[in-house]
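**Student:** Listed below, chain by chain, are the residues.
2 protein chains.
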Amino acid sequence: MEHAADPSHPRYRSLLMRHRLEIAAKKGMLADSAMIAHGRGEAYDYLLGETTIPSADLATRFALRALMKAEHPVLSVNGNVVALAGDEMLKLADWIGCPIEVNIFYRTPERMEALLTDLNERKKRLGLHVDILGASPDATIPGLKGPRAKCESKGILRADTILVPLEDGDRCEALVAMGKTVIVIDLNPLSRSSRRGSITIVDELSRCLENMLAMETETLPSLDSYEHDKTLQDALNAIVDGMKNKFSETKE
Amino acid sequence: MEHAADPSHPRYRSLLMRHRLEIAAKKGMLADSAMIAHGRGEAYDYLLGETTIPSADLATRFALRALMKAEHPVLSVNGNVVALAGDEMLKLADWIGCPIEVNIFYRTPERMEALLTDLNERKKRLGLHVDILGASPDATIPGLKGPRAKCESKGILRADTILVPLEDGDRCEALVAMGKTVIVIDLNPLSRSSRRGSITIVDELSRCLENMLAMETETLPSLDSYEHDKTLQDALNAIVDGMKNKFSETKE
Numbered sequence: 107m108e109h110a111a112d113p114s115h116p117r118y119r120s121l122l123m124r125h126r127l128e129i130a131a132k133k134g135m136l137a138d139s140a141m142i143a144h145g146r147g148e149a150y151d152y153l154l155g156e157t158t159i160p161s162a163d164l165a166t167r168f169a170l171r172a173l174m175k176a177e178h179p180v181l182s183v184n185g186n187v188v189a190l191a192g193d194e195m196l197k198l199a200d201w202i203g204c205p206i207e208v209n210i211f212y213r214t215p216e217r218m219e220a221l222l223t224d225l226n227e228r229k230k231r232l233g234l235h236v237d238i239l240g241a242s243p244d245a246t247i248p249g250l251k252g253p254r255a256k257c258e259s260k261g262i263l264r265a266d267t268i269l270v271p272l273e274d275g276d277r278c279e280a281l282v283a284m285g286k287t288v289i290v291i292d293l294n295p296l297s298r299s300s301r302r303g304s305i306t307i308v309d310e311l312s313r314c315l316e317n318m319l320a321m322e323t324e325t326l327p328s329l330d331s332y333e334h335d336k337t338l339q340d341a342l343n344a345i346v347d348g349m350k351n352k353f354s355e356t357k358e
Numbered sequence: 107m108e109h110a111a112d113p114s115h116p117r118y119r120s121l122l123m124r125h126r127l128e129i130a131a132k133k134g135m136l137a138d139s140a141m142i143a144h145g146r147g148e149a150y151d152y153l154l155g156e157t158t159i160p161s162a163d164l165a166t167r168f169a170l171r172a173l174m175k176a177e178h179p180v181l182s183v184n185g186n187v188v189a190l191a192g193d194e195m196l197k198l199a200d201w202i203g204c205p206i207e208v209n210i211f212y213r214t215p216e217r218m219e220a221l222l223t224d225l226n227e228r229k230k231r232l233g234l235h236v237d238i239l240g241a242s243p244d245a246t247i248p249g250l251k252g253p254r255a256k257c258e259s260k261g262i263l264r265a266d267t268i269l270v271p272l273e274d275g276d277r278c279e280a281l282v283a284m285g286k287t288v289i290v291i292d293l294n295p296l297s298r299s300s301r302r303g304s305i306t307i308v309d310e311l312s313r314c315l316e317n318m319l320a321m322e323t324e325t326l327p328s329l330d331s332y333e334h335d336k337t338l339q340d341a342l343n344a345i346v347d348g349m350k351n352k353f354s355e356t357k358e
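First to last, the sequence lines map onto chains Y and X. First residue of the first sequence: 107, per the working numbering; consecutive thereafter. First residue of the second sequence: 107, per the working numbering; consecutive thereafter.
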């Protein structure tokens, strides 16, 4: 796969993300469907203009506010999340002072081990103090079947607010049904996770997290003013406008 | 990866295509970026409603007409094309009476060998008589550099009409620049291949080929009436309409 080492390359970021997935695949961190899921995200990001739209920036501020004011916030990560933005997730957990829980849809001991090892190596390298959960599940998410329901009682089970980037629709709905504030990061504003989440950020994961980590907490908006439908509609409008502009380019 | 053996399953076809890619990946037929490219296609197909829209059906008729009346038609195939619709491409080549040429972007001897072997096995199983080219490139496509320019003089080089499903934009443009009638099958109506192609079918590959193989050749439209911009605009409109409908579903 092509690597663009030059950050000024127009496709630098996109190629960097692919490179991160390639490395993670070699380490056994990813599900079989990981690359296909990433490709779907790439298509939406292309339509969004590979940029953070204003409504996504605002949703990111609401999300950070919700995490900051939660009693038991937790960041849930899967294979693609660790691959694409493991460092940023750890930095966010350290900043908020909350645990990260590895929680994957296609759960196997090998994948769990690969993900926990990778996160612990990142944590050591970054010199952060973050509890990394997931190795010892002692609870289940009601409404889900089999290994995908497993979680930790001191992590996802007791969380009042949970960040679930790139989450499967069933699990997102199950977490919402538990009464939690569920924060979704997803490039498809039409996905079940995007629609069912409490707060949805339609943005590329690493871009969103970099934005979040640079935000000043004093100026975050009150959660009362978050408008879920408007957030999703704005993202759809941006995609549709992007299409109009892209097609007019072809007429030149 | 999940397999839906039951054709009545709403995601049967999508899972079948993933399954075909999985098998091809194990045989070494695919580029590293194959799964990501497929995921991008899935996103567009989802927005199209996973159906053949009327303008795509019409474009398929124009494409078949162009192939039927060509002096030297050629079907160009890459890894994803062989994986997703190798049988259908062979049946089409047999019907039209033209060669298939394996022509891949990331050309390595191992991938070429894997693809040629797979196609020859399919041909034998189907009992078809089709020339499968690509093993002995003796020409180059002007304007391309390195291994990706390689082609055969009795295949792509001399072709007047060429079917290039899922083709890279650079190569599509290079073939158009050679004066050929280039028929593109691509789910993204905004891609460079879609825009630059002579005739573009915005449809899922295997669905399009099944449609094409079932068409009656007596009723095909005259090529004069093909409208390229309208074809692409119709596909964009279908995507935008699909978004409107999908979002209104969320309000229920």
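If you're looking for bench data, these hints aren't it; they were derived computationally from the structure. On a predicted model such as this, the values are computed, not experimentally measured, just so you know. Honestly, I wouldn't trust all of these hints.
Which copy is meant is left open, so a pair is good if it fits within one copy or across any two.
To be verified - Under the rule of at most 25 Å between Cα atoms (straight-line distance), these lysine to any residue pairs were calculated in the SDA-like manner:
#1 LYS251 x HIS115
#2 LYS175 x LEU319
#3 LYS260 x GLY285
#4 LYS350 x SER304
#5 LYS336 x ASP347
#6 LYS132 x GLU216
#7 LYS350 x THR157
#8 LYS251 x LEU121
#9 LYS251 x PRO116
#10 LYS251 x TYR118
#11 LYS336 x TYR152
#12 LYS260 x ASP163
#13 LYS132 x TYR212
#14 LYS256 x ASP224
#15 LYS229 x LYS350
#16 LYS350 x PRO113
#17 LYS251 x ASP276
#18 LYS350 x GLU279
#19 LYS350 x ASP340
#20 LYS175 x ASP193
#21 LYS132 x PHE211
**Student:** Now tell me if each hint is right for this structure.
**Tutor:** Consistency of the hints with the structure:
1. LYS251 x HIS115: Classified as between; 20 Å across copies, 45 Å inside a copy.
2. LYS175 x LEU319: Cα proximity of LYS175 and LEU319: one copy only (16 Å, versus 60 Å across).
3. LYS260 x GLY285: within (16 Å within a copy, 66 Å between copies)
4. LYS350 x SER304: For LYS350 and SER304, only the inter-copy Cα distance (21 Å) is at most 25 Å; the intra-copy one is 30 Å.
5. LYS336 x ASP347: both (16 Å within a copy, 18 Å between copies)
6. LYS132 x GLU216: For LYS132 and GLU216, the Cα distance is within 25 Å both inside one copy (13 Å) and across copies (20 Å).
7. LYS350 x THR157: Answer is both: 17 Å inside a copy and 22 Å across each meet the 25 Å cutoff.
8. LYS251 x LEU121: So LYS251 and LEU121 pass the 25 Å test across copies only (21 Å; inside, 36 Å).
9. LYS251 x PRO116: between (43 Å within a copy, 21 Å between copies)
10. LYS251 x TYR118: between (40 Å within a copy, 22 Å between copies)
11. LYS336 x TYR152: For LYS336 and TYR152, the Cα distance is within 25 Å both inside one copy (21 Å) and across copies (22 Å).
12. LYS260 x ASP163: Result: close neither inside a copy nor across copies, 30 Å intra and 55 Å inter.
13. LYS132 x TYR212: both (17 Å within a copy, 20 Å between copies)
14. LYS256 x ASP224: Intra 20 Å, inter 41 Å, cutoff 25 Å: intra-copy only.
15. LYS229 x LYS350: neither (44 Å within a copy, 43 Å between copies)
16. LYS350 x PRO113: neither (28 Å within a copy, 36 Å between copies)
17. LYS251 x ASP276: For LYS251 and ASP276, the Cα distance is within 25 Å only inside one copy (10 Å; across copies 47 Å).
18. LYS350 x GLU279: between (33 Å within a copy, 22 Å between copies)
19. LYS350 x ASP340: Both: 15 Å inside a chain and 12 Å across chains, each within 25 Å.
20. LYS175 x ASP193: Classified as within; 23 Å inside a copy, 58 Å across copies.
21. LYS132 x PHE211: both (19 Å within a copy, 23 Å between copies)
Going down the numbered hints, you'll see the structure goes against 12, 15, 16, while the others check out.
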